[in-house]
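Protein chains: 2
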Amino acid sequence: MEPRIIKALAEIVGRENVLTSPEELICYGYDATPGFSRLPEVVVRPGNKKEVSRVLALANREKIPVYTRGSGTNLSAGVVPMDGGIVLSTVRMNSILEIDPENFIAVVEPGVIVAELNAAVEKYGLIYPPDPGTVTTASMGGTVAENSGGLRGLKYGVTKHYVLGLEVVLADGQIAEFGGRTLRSPGYDMVMLFTGSEGTLGVITKIIVRLVPAPTHRKSMIAVFHDLNGAGKSIADIIGHKIIPATLEIMDNYTIRTVESFVKLGLPVEAEAIILAEVDGDEATVAQDAAKMEKILRENGGQVRVATSAQERDQIWAARRAALPSLAKLRPSTFCEDATVPRSKVPDMVRRITEIAQKYDVQIGTFGHAGDGNLHPTLVSDLRNNTEMERVYQAMDEIFLTALELDGTLSGEHGIGLGKLKYMPAQFGEVGLDVMRAIKKALDPNGILNPGKLVGQLQ
Amino acid sequence: MEPRIIKALAEIVGRENVLTSPEELICYGYDATPGFSRLPEVVVRPGNKKEVSRVLALANREKIPVYTRGSGTNLSAGVVPMDGGIVLSTVRMNSILEIDPENFIAVVEPGVIVAELNAAVEKYGLIYPPDPGTVTTASMGGTVAENSGGLRGLKYGVTKHYVLGLEVVLADGQIAEFGGRTLRSPGYDMVMLFTGSEGTLGVITKIIVRLVPAPTHRKSMIAVFHDLNGAGKSIADIIGHKIIPATLEIMDNYTIRTVESFVKLGLPVEAEAIILAEVDGDEATVAQDAAKMEKILRENGGQVRVATSAQERDQIWAARRAALPSLAKLRPSTFCEDATVPRSKVPDMVRRITEIAQKYDVQIGTFGHAGDGNLHPTLVSDLRNNTEMERVYQAMDEIFLTALELDGTLSGEHGIGLGKLKYMPAQFGEVGLDVMRAIKKALDPNGILNPGKLVGQLQ
Numbered sequence: 001m002e003p004r005i006i007k008a009l010a011e012i013v014g015r016e017n018v019l020t021s022p023e024e025l026i027c028y029g030y031d032a033t034p035g036f037s038r039l040p041e042v043v044v045r046p047g048n049k050k051e052v053s054r055v056l057a058l059a060n061r062e063k064i065p066v067y068t069r070g071s072g073t074n075l076s077a078g079v080v081p082m083d084g085g086i087v088l089s090t091v092r093m094n095s096i097l098e099i100d101p102e103n104f105i106a107v108v109e110p111g112v113i114v115a116e117l118n119a120a121v122e123k124y125g126l127i128y129p130p131d132p133g134t135v136t137t138a139s140m141g142g143t144v145a146e147n148s149g150g151l152r153g154l155k156y157g158v159t160k161h162y163v164l165g166l167e168v169v170l171a172d173g174q175i176a177e178f179g180g181r182t183l184r185s186p187g188y189d190m191v192m193l194f195t196g197s198e199g200t201l202g203v204i205t206k207i208i209v210r211l212v213p214a215p216t217h218r219k220s221m222i223a224v225f226h227d228l229n230g231a232g233k234s235i236a237d238i239i240g241h242k243i244i245p246a247t248l249e250i251m252d253n254y255t256i257r258t259v260e261s262f263v264k265l266g267l268p269v270e271a272e273a274i275i276l277a278e279v280d281g282d283e284a285t286v287a288q289d290a291a292k293m294e295k296i297l298r299e300n301g302g303q304v305r306v307a308t309s310a311q312e313r314d315q316i317w318a319a320r321r322a323a324l325p326s327l328a329k330l331r332p333s334t335f336c337e338d339a340t341v342p343r344s345k346v347p348d349m350v351r352r353i354t355e356i357a358q359k360y361d362v363q364i365g366t367f368g369h370a371g372d373g374n375l376h377p378t379l380v381s382d383l384r385n386n387t388e389m390e391r392v393y394q395a396m397d398e399i400f401l402t403a404l405e406l407d408g409t410l411s412g413e414h415g416i417g418l419g420k421l422k423y424m425p426a427q428f429g430e431v432g433l434d435v436m437r438a439i440k441k442a443l444d445p446n447g448i449l450n451p452g453k454l455v456g457q458l459q
Numbered sequence: 001m002e003p004r005i006i007k008a009l010a011e012i013v014g015r016e017n018v019l020t021s022p023e024e025l026i027c028y029g030y031d032a033t034p035g036f037s038r039l040p041e042v043v044v045r046p047g048n049k050k051e052v053s054r055v056l057a058l059a060n061r062e063k064i065p066v067y068t069r070g071s072g073t074n075l076s077a078g079v080v081p082m083d084g085g086i087v088l089s090t091v092r093m094n095s096i097l098e099i100d101p102e103n104f105i106a107v108v109e110p111g112v113i114v115a116e117l118n119a120a121v122e123k124y125g126l127i128y129p130p131d132p133g134t135v136t137t138a139s140m141g142g143t144v145a146e147n148s149g150g151l152r153g154l155k156y157g158v159t160k161h162y163v164l165g166l167e168v169v170l171a172d173g174q175i176a177e178f179g180g181r182t183l184r185s186p187g188y189d190m191v192m193l194f195t196g197s198e199g200t201l202g203v204i205t206k207i208i209v210r211l212v213p214a215p216t217h218r219k220s221m222i223a224v225f226h227d228l229n230g231a232g233k234s235i236a237d238i239i240g241h242k243i244i245p246a247t248l249e250i251m252d253n254y255t256i257r258t259v260e261s262f263v264k265l266g267l268p269v270e271a272e273a274i275i276l277a278e279v280d281g282d283e284a285t286v287a288q289d290a291a292k293m294e295k296i297l298r299e300n301g302g303q304v305r306v307a308t309s310a311q312e313r314d315q316i317w318a319a320r321r322a323a324l325p326s327l328a329k330l331r332p333s334t335f336c337e338d339a340t341v342p343r344s345k346v347p348d349m350v351r352r353i354t355e356i357a358q359k360y361d362v363q364i365g366t367f368g369h370a371g372d373g374n375l376h377p378t379l380v381s382d383l384r385n386n387t388e389m390e391r392v393y394q395a396m397d398e399i400f401l402t403a404l405e406l407d408g409t410l411s412g413e414h415g416i417g418l419g420k421l422k423y424m425p426a427q428f429g430e431v432g433l434d435v436m437r438a439i440k441k442a443l444d445p446n447g448i449l450n451p452g453k454l455v456g457q458l459q
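These protein sequence lines map, in sequence, to chains A and B.
At position 15 of the first sequence (counting the first as 1) the number is 15 in UniProt numbering, and the numbers step up by one without a gap.
At position 209 of the second sequence (counting the first as 1) the number is 209 in UniProt numbering, and the numbers step up by one without a gap.
Each hint should be verified, as a subset may be incorrect.
Identical copies go unnamed one by one, so any copy, or any two together, can satisfy a pair.
Think about it this way: if two alpha-carbon atoms lie no more than 20 Å apart in a straight line, the pair counts; the simulated SDA-like pairs of lysine to any residue are [claimed, not checked]:
#  : residue 1 : residue 2
1  : Lys63     : Ile5
2  : Lys292    : Ala318
3  : Lys292    : Val306
4  : Lys242    : Arg210
5  : Lys155    : Arg210
6  : Lys242    : His217
7  : Lys123    : Ile243
8  : Lys242    : Pro215
9  : Lys155    : Asp282
10 : Lys155    : Pro215
11 : Lys441    : Leu458
12 : Lys50     : Ala10
To be clear, the hints were calculated from the coordinates, so they are not data collected in a lab.
Kindly produce the complete structure, drawing on both the sequences and the hints.
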């Protein structure tokens, strides 16, 4: 990058917030997705919207790519600076600007960590429900840009259901505000357009979110199934009885065995599936729903253990939280995917993934959010082994196309980024993708914002 | 309109679905908004997406305006064909295509009436929550295009919170599908962009919506306040105690007097405000929340009556439902607006509206959804009286600018259309509005779809 650009950036954000040494840049050259990395030419850390605006105006004038980065936990190579250029880190914009308990609203800067927001609103008896697995690391800006999901999606929805307003800096440096403090805002829903746009349309500099009352009670249970069908039928029956658990998770045999070998929780390694569930709400509802759910799980052949203390509850969720770290320990390269299907197709999908693993001789553990069909087939492999990787990528292709075949979608929460770009035409067709590209072109005519991601390269 | 165009349209949709006689056209020349009317040149009633596609391809080639029309209940002149052209009625696309009780999903054509969908899903113990006042008349396509709200917004949200997928015909006749049967779909959120786009970006030909379990119990109550402050404090206290009623409505003194004079329900005509509320859910929660709510209402000076039978419940809601019809009977021209503020500002807003009515010597009754701040100041007047109308429009201006001043928004559910177009820069600024116009231009370069509405005329 030309020294005059570095100098101009330093004038905007201060010399101490411009990183150019290789040892600094290397931290910004990858995210949590294996197989994608590239060093940026420079990292800038603006402190406010005005600095963001000036950085973008400069980059737009000079046609330099800009990659906005929160905490870098992305799983679809969404923040890797594949064309070099500028990484714009939101780390310094990390203030909770306002908590408005009367209107159940919080206003935050993009660098606030999701768990920090939840900690801050707890004293008002409120929660911010979206809870991706990375909740203690991920930034609000990143989770909004990725429309992140989480364990409570079934009952509480995903990030988009909580974003009421956004302040964004556009590609040319202009600043706009959309939405606000009401449930609905007129005009085109730019708030929803920017939510999930993966940093390709603008830089989010302020976020207004909706909060909800914290549930006063909750009850967790774990059910072990020797037959996947019993687990599948349980999911259908629980929902069929109009019980909407906050969390309804599934783990397949491969995941169970892996977790048990690393964590020794006493999980039965021969089980075909485990369901982990939690209902929340007021005391009476929780008691009633938990009793019904336990009965359903047993009737479908599940061996059920209901947590009777906070410690037992923690133990149940420790098993679930151990899934990804345990799988990741098996082999050097972990691809945690999020192929998603309608809830009723979860057993089909789990079975199909197992068949795909056998067909391509690839190691796949599947766990995830059974209640909303958002599964995490996790392919463990070694990037250095070319012949294995060929099989891994073939298996991945087949997993995503199977999700589409089952009326599902390419991404339940991890985004498209670069990792899943090649499947986009299969979900949206060329017409649908062209519409998205027209939007990208309208808002970022020079294509400087996270170029090549989500909708691919523009003509 | 040239006869060759009429002929071409007849070839697409059949002669019987092309209306051209003045007595037919007159039905399509207005909506529920006073002060806006214009006859279309032709009305077409396509029966499926292919016919819609061919109509749009023709109109786009010939640069003829197309106004998509559901049931015409719009309150912001959103469907009035102000430039003549083609009205495209969705009345024939009126099938419920699928109900999927396992996944809580329904798939409908745009001409399905909202209440019909609810009637169809009832036997599965499910509801489609968005319930605008026009629920028995309004079409699904219209309510999606307007992102309609309703009485249950506080607890259940508005239309956008239930739309999972859309099939749309684009301005040039191409057909695209966005979203689907999962909670979240990747790529730009075109489903949310089309939801609330007021017919300016495409024609919706299929809608996939999310359903939720029907509450098994509900309890309604009415509380009379001699002091508006008591009503305002009650709203704050109810929410402050983390009670989220399905419905939490307010009526001001002017509305109370008007309703009482027409319907004779025994409402106290000297009361400054009435609150009407309903909690729903399972038996225990409803009992508990209703008891707490009754206590709060009494503590703040309310005289409370809790419905103990279905008949008493119906009576309470009859009062609420009578609000708009009663106000509309007072004078020839009724402007029912939807200026919306954060919940905590509702008492301020009601007071400011009363002051505005006095200042401009205009008759305004205010009622609406206190729980989500979506108020309906209803200005009753006579369009034929020019000097009165000048004052009415001045009052309207001040009401909307007051809503913005109180951190609110121009529209809680009725849309922008033409009626509120002039206030858009005050809410979004020229930068925000330019972004929306860039979107409009990208998707409808010839500006044929509902031209002049929502984002105004393009340069």
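Taking the hints in turn, this is what the structure says about them:
| no. | hint | result |
| --- | --- | --- |
| 1 | Lys63 <-> Ile5 | within (11 Å within a copy, 46 Å between copies) |
| 2 | Lys292 <-> Ala318 | neither (24 Å within a copy, 37 Å between copies) |
| 3 | Lys292 <-> Val306 | within (12 Å within a copy, 31 Å between copies) |
| 4 | Lys242 <-> Arg210 | between (25 Å within a copy, 14 Å between copies) |
| 5 | Lys155 <-> Arg210 | both (15 Å within a copy, 13 Å between copies) |
| 6 | Lys242 <-> His217 | both (19 Å within a copy, 14 Å between copies) |
| 7 | Lys123 <-> Ile243 | between (28 Å within a copy, 17 Å between copies) |
| 8 | Lys242 <-> Pro215 | both (18 Å within a copy, 10 Å between copies) |
| 9 | Lys155 <-> Asp282 | both (14 Å within a copy, 16 Å between copies) |
| 10 | Lys155 <-> Pro215 | both (12 Å within a copy, 15 Å between copies) |
| 11 | Lys441 <-> Leu458 | both (8 Å within a copy, 18 Å between copies) |
| 12 | Lys50 <-> Ala10 | within (14 Å within a copy, 56 Å between copies) |
Violation of the numbered hints given earlier is confined to hint 2; every other hint is satisfied by the structure.
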